[in-house]
Structure formats: structure tokens, C-alpha cells
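Asker: Just so you know, the protein sequences line up as chains Y and A, in that order. Its first residue numbered 1, the first sequence is counted upward by one per residue in my numbering. Its first residue numbered 1, the second sequence is counted upward by one per residue in my numbering.
No lab work stands behind these hints, which were simulated from the structure alone. One or more hints might be untrue.
The list treats identical chains as one, so a pair stands whether inside a single copy or across any two.
What the hints assert, rightly or not - In silico DSBU-like links for lysine-lysine, alpha-carbon gap of 30 Å or less:
{"no.": "1", "residue 1": "Lys158", "residue 2": "Lys5"}
{"no.": "2", "residue 1": "Lys162", "residue 2": "Lys21"}
{"no.": "3", "residue 1": "Lys162", "residue 2": "Lys5"}
{"no.": "4", "residue 1": "Lys21", "residue 2": "Lys158"}
{"no.": "5", "residue 1": "Lys197", "residue 2": "Lys42"}
{"no.": "6", "residue 1": "Lys270", "residue 2": "Lys229"}
Protein chains: 2
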Amino acid sequence: MEVIKDVQEMRRWSISFRQNKGSVGFVPTMGFLHEGHLSLMKAARERCDALVVSIFVNPTQFGPNEDLSQYPRDLERDLTLTRGVAADIVFFPDASQMYPPGFQTYVQVEELSQGLCGADRPTHFRGVATVVAKLFNQVLPDQAFFGEKDYQQLAVIKRMAKDLDMSVEVIGCPIVREPDGLAMSSRNVYLTTQGRKAALCLNRSIRKAQELVRSGNRQSSQILREVIKIIENEPLLQLIYAEIRHPDSLESLEQIVPRGVLLLAARVEKTRLIDNGYLPE
Amino acid sequence: MEVIKDVQEMRRWSISFRQNKGSVGFVPTMGFLHEGHLSLMKAARERCDALVVSIFVNPTQFGPNEDLSQYPRDLERDLTLTRGVAADIVFFPDASQMYPPGFQTYVQVEELSQGLCGADRPTHFRGVATVVAKLFNQVLPDQAFFGEKDYQQLAVIKRMAKDLDMSVEVIGCPIVREPDGLAMSSRNVYLTTQGRKAALCLNRSIRKAQELVRSGNRQSSQILREVIKIIENEPLLQLIYAEIRHPDSLESLEQIVPRGVLLLAARVEKTRLIDNGYLPE
Numbered sequence: 001m002e003v004i005k006d007v008q009e010m011r012r013w014s015i016s017f018r019q020n021k022g023s024v025g026f027v028p029t030m031g032f033l034h035e036g037h038l039s040l041m042k043a044a045r046e047r048c049d050a051l052v053v054s055i056f057v058n059p060t061q062f063g064p065n066e067d068l069s070q071y072p073r074d075l076e077r078d079l080t081l082t083r084g085v086a087a088d089i090v091f092f093p094d095a096s097q098m099y100p101p102g103f104q105t106y107v108q109v110e111e112l113s114q115g116l117c118g119a120d121r122p123t124h125f126r127g128v129a130t131v132v133a134k135l136f137n138q139v140l141p142d143q144a145f146f147g148e149k150d151y152q153q154l155a156v157i158k159r160m161a162k163d164l165d166m167s168v169e170v171i172g173c174p175i176v177r178e179p180d181g182l183a184m185s186s187r188n189v190y191l192t193t194q195g196r197k198a199a200l201c202l203n204r205s206i207r208k209a210q211e212l213v214r215s216g217n218r219q220s221s222q223i224l225r226e227v228i229k230i231i232e233n234e235p236l237l238q239l240i241y242a243e244i245r246h247p248d249s250l251e252s253l254e255q256i257v258p259r260g261v262l263l264l265a266a267r268v269e270k271t272r273l274i275d276n277g278y279l280p281e
Numbered sequence: 001m002e003v004i005k006d007v008q009e010m011r012r013w014s015i016s017f018r019q020n021k022g023s024v025g026f027v028p029t030m031g032f033l034h035e036g037h038l039s040l041m042k043a044a045r046e047r048c049d050a051l052v053v054s055i056f057v058n059p060t061q062f063g064p065n066e067d068l069s070q071y072p073r074d075l076e077r078d079l080t081l082t083r084g085v086a087a088d089i090v091f092f093p094d095a096s097q098m099y100p101p102g103f104q105t106y107v108q109v110e111e112l113s114q115g116l117c118g119a120d121r122p123t124h125f126r127g128v129a130t131v132v133a134k135l136f137n138q139v140l141p142d143q144a145f146f147g148e149k150d151y152q153q154l155a156v157i158k159r160m161a162k163d164l165d166m167s168v169e170v171i172g173c174p175i176v177r178e179p180d181g182l183a184m185s186s187r188n189v190y191l192t193t194q195g196r197k198a199a200l201c202l203n204r205s206i207r208k209a210q211e212l213v214r215s216g217n218r219q220s221s222q223i224l225r226e227v228i229k230i231i232e233n234e235p236l237l238q239l240i241y242a243e244i245r246h247p248d249s250l251e252s253l254e255q256i257v258p259r260g261v262l263l264l265a266a267r268v269e270k271t272r273l274i275d276n277g278y279l280p281e
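Isolated chain Y (complex conformation) (with noise of 0.2 Å):
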């Protein structure tokens, strides 16, 4: 495994390595790696010849008052982990190398960076948007993997790629969560051992959901109505959004038919988390 921080290194590695050897495999990450990470490395390990992990705390992304400086960063376990899973390059760029002085341009997918995380996150998937199109133009890859985890990022990404003509295919990956249910996410060390049981709830909430759906329930708020009364019932969660929408237009839906997408956010003591759940055909 080699771990490259230059911007045309890393491009003249992807030239070369697609022109002889085959194709390329790129999971972008902001690195604290965990077993979702994990599983978009093996998904993308499996279906390219090559692997590239990139590990960029991305300010773009981070509103004025969030979390950029605490954000957890430790890049010798992100090594040992992503040697663990054979990745053949770790790229590790500079942020005065991504955004140096002058920089000015931004990538915006509108409609679809509204609402749900962008509706209190305002410039949060004009960040993404940015670094994940640099990303690509830098690594070059055949086949990007994302979480479902964050479900508006990567219908955002999906879009950008196919609005910009993108020659990469951007492929979702289901949510690993914890035994207990909590999803993976970086920011769960944030956590007390009580804010961690409370954020539960989440996960239950959306069982609950997919219960009510598979039981014939197809009313959007009637079902809304139980998942927030869940949620209402942990004092330490304060609920930031719970909407139903289409999975792919995310467009918000009275009835959930054919299918639909729970999303949900919400504050455990300072962390603001969020979770969703396919609502079954």
C-alpha cells in the first residue's frame, strides 16, 4: 500500500494503472475510519482492480459553527485499517493543495441539496459536491462507492455525476450498523454511554416504520406520527427532521407507494446524528 499527497502524483498513478492494468476503485473518506468505511473498501475491492481510499477532512463541507476542528482524525489505525483490506493507494491530500489561495469555484445540485440535512446545513452539499467532483478528477475512478448512510449526500453525488457527465459510476452501499443497532458513523465517539443507548431509538424507529409499512400502512403521516413519538419519548434525542420521500428524487411522499425512504436526524446531546430505512414494497 502506498500513500500518496500530491494532486498530480495521484492522477499519473490512476493514468497508468487504468491504461495497463485495469480498473479503479475509489472510496472517498474523511478518514476515523469504521466497519462502513470497511464495507464500501470490500465492495469496491471485489468489483475493481485497484483500490484507492482517500482520507480528507474536507472544510467545505463544515458550516461556520460545526465541527471541523474537533472532528476525530487518526491516521496511523485509518493505515493499519485500509492495509487491512488490501487498498493499494491511500490518498491523503493537503487541504492548501485542494483549496489554494484564489480558489473560487463550487458545484451546487440544487434542488436536491435543499431540505433535510441542507435545511440547517445550508452549505453542506455545496462542500460535498466540490471536493467529491476534485476527488474524482484527481483519482480518476472507474467506480465511486458511497454509504446509505448519508442518504442526501449520495443522491446529491448521484446526480452531480450524471448532470456533469461524470464518466463514474456511483454506486450506494447499505448501512453497517453496531450489534446494538446504533448506525456506523465517525462521529459516535462524540457519545456518552447514555447519549449512545438513547440514540437507539433511531434505528428503532425506523423498524417500527417498516413494521407499520409491511402491515399495510401506506400513509405517510400517520406513520410519521409513530416514529416521532418515539423519538419524543427519549428525552436526550431532540429530533431535527423525520420525512418520508421517494428514494431517488427524494421528493416528499403522502403515500409511500411503490417504496419510499425514512430520513431522520436529530441532536443526542451535542452530536447530531442521522439515520433511514428503505420503507418496503
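With chain Y fixed as given, assemble chain A onto it according to the hints.
Answerer: Relative to chain Y, chain A alone:
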């Protein structure tokens, strides 16, 4: 020469050419070609192994009250001209393939898109940057050629390519003028004989500015006063802006040290014309 209308076919052609034969030079146009466009094609022809010319009147760079529907079009004549410079491919995509339903992603180059033409065309450069980003991803050129007549556009595209790490070299080529000095533009056909004669004062005022700088005057305000005097003397012209800017950053310059560029826009009859010239060291 081959005409390609399909985006996927265009991409396949370029991938294959670059793998097997050599470099691809690209000249994006809105058609109704003139000597200015042909000079770009000749530059591309000299520097690259293949020449791809796109013809696409891009709706997203026109404002709601601009001349999209009236914009001059003549595909047969354009094909004759591109054959004349031995283009390999004319890429002629359809608006419904460029902007399918649900399209919502835009590329914005922030500071450089403001002021000058951006002042009265607030979404113009967003439309330009977006379509050029798409065309780059469709045509996959090694080098792309743009005229310096659209000076702010060239600055926006250079910045976009750099900021988003696009693997294409953006090359600016000098303005081509009619024998009487009028900068070539597809919109010149809108002018009456009188309007056309009046428009010559743009180039005349640029030459006056260059003379003043050559004779030692480096004060932008003084030079602009002379420029504006010449243009305001012409009753058929309505000045939109006259500014002296840094050639790369487009920042306003009080002193032309070491170099500057004089940028002009004016309305002649109903036609918006632009012109510019470097102010020498």
C-alpha cells in the same frame, strides 16, 4: 469529418482516439462560425492530433430577456467551414440530451463571474461554466481553445478547470478582427450598416488607450476618461462598462503596473457587443 449527436458516442470516440492515436483538441462553439472560431480550430489543429468542434447554443447561459431564440444558426454553412479546417468531429448534441428532465447541477466560479458582463448577465457565467464542464466530460479533450474576445469567459473557464482539477489545458487565442477593426462575433449580423460603423469606435478607443499607456500614462482613471469620451461621442452606442483590470485575476487596477487589460461592453442598436485589448508593459 464525422457528425456525432450522441453524448455516449462522443465519449467513446474520444476514449478510443486518445488510447490509440493521440491528443484531442477541442473548440466549443455556439455555431454560426466566423474567422474567430476558425482561428481557434487552426490553433487546435496545429497542436493536437485530432480536432473536435462542438456546436451547441446553450440555453442556460442566456438570461430570460436575451436573444436565445434569435441567436443566428446555420448548420450547413458551419459544416462546410469545419470541413475546410479538417475537423475530425463535429459534436452537435441535442438540448434534451444536455439538459434532461431533473437536471439541477451548476458550476459557479464565484468572484470572476461577478462584475463586467456578470453585472447585467447574473446567471450567464454559471451557464457557461456548467456547459463547458459538461462538454469537457463528454469530449475528454487534452487541450481546449477559447477566444480572448470573451475575456471574462476565458478567465472563468481557466479558473474552473484549475479549481476542479480538470485534466484539460485551457488555451486562450487572440481576438480576430474584421479588416475595419471590428472584433468578430456571431452577433455582428444583427447590426445595420450604420450600427456596424458606429461599433468601430470600440476598437478605436482600445487603440487610443494602448497609445496612452505606451507614451507613459499608467493611471487607469485618466485612460478610461479618454476611452469613454470616444465612445460617448458616438450617438448610436450606449456604453455598458469600460474597465481596466488585471489580466489574470480581473481585479480592478488603479495603476497599470505592469500590465492590464481594457474591457469594454456597449449596446449598439439592440445588440450587446464586447471588446478588449491588452495594455502593454
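Asker: Each hint: holds or not?
Answerer: Hints and how they fare:
1. For a Cα distance limit of 30 Å, the shortest separation of lysine 158 from lysine 5 qualifies both inside one copy, at 26 Å, and across copies, at 24 Å.
2. Within a single copy, lysine 162 and lysine 21 get their C-alpha atoms as close as 26 Å, and across copies as close as 28 Å, so both meet the 30 Å cut-off.
3. Taking the shortest alpha-carbon separations for lysine 162 and lysine 5, both the intra-copy value of 28 Å and the inter-copy value of 18 Å come in at or below 30 Å.
4. With identical chains, the CA atoms of lysine 21 and lysine 158 are at most 30 Å apart within one copy only, with a shortest distance of 26 Å there and 32 Å across copies.
5. Taking identical chains as interchangeable, the C-alpha atoms of lysine 197 and lysine 42 lie at most 30 Å apart only when both belong to the same chain, with a minimum of 29 Å there against 68 Å between chains.
6. In the homo-oligomer, the alpha carbons of lysine 270 and lysine 229 lie at most 30 Å apart inside one protomer (21 Å), although the nearest pairing across protomers, at 63 Å, exceeds that limit.
Taken one by one, the earlier hints all hold for this structure without exception.
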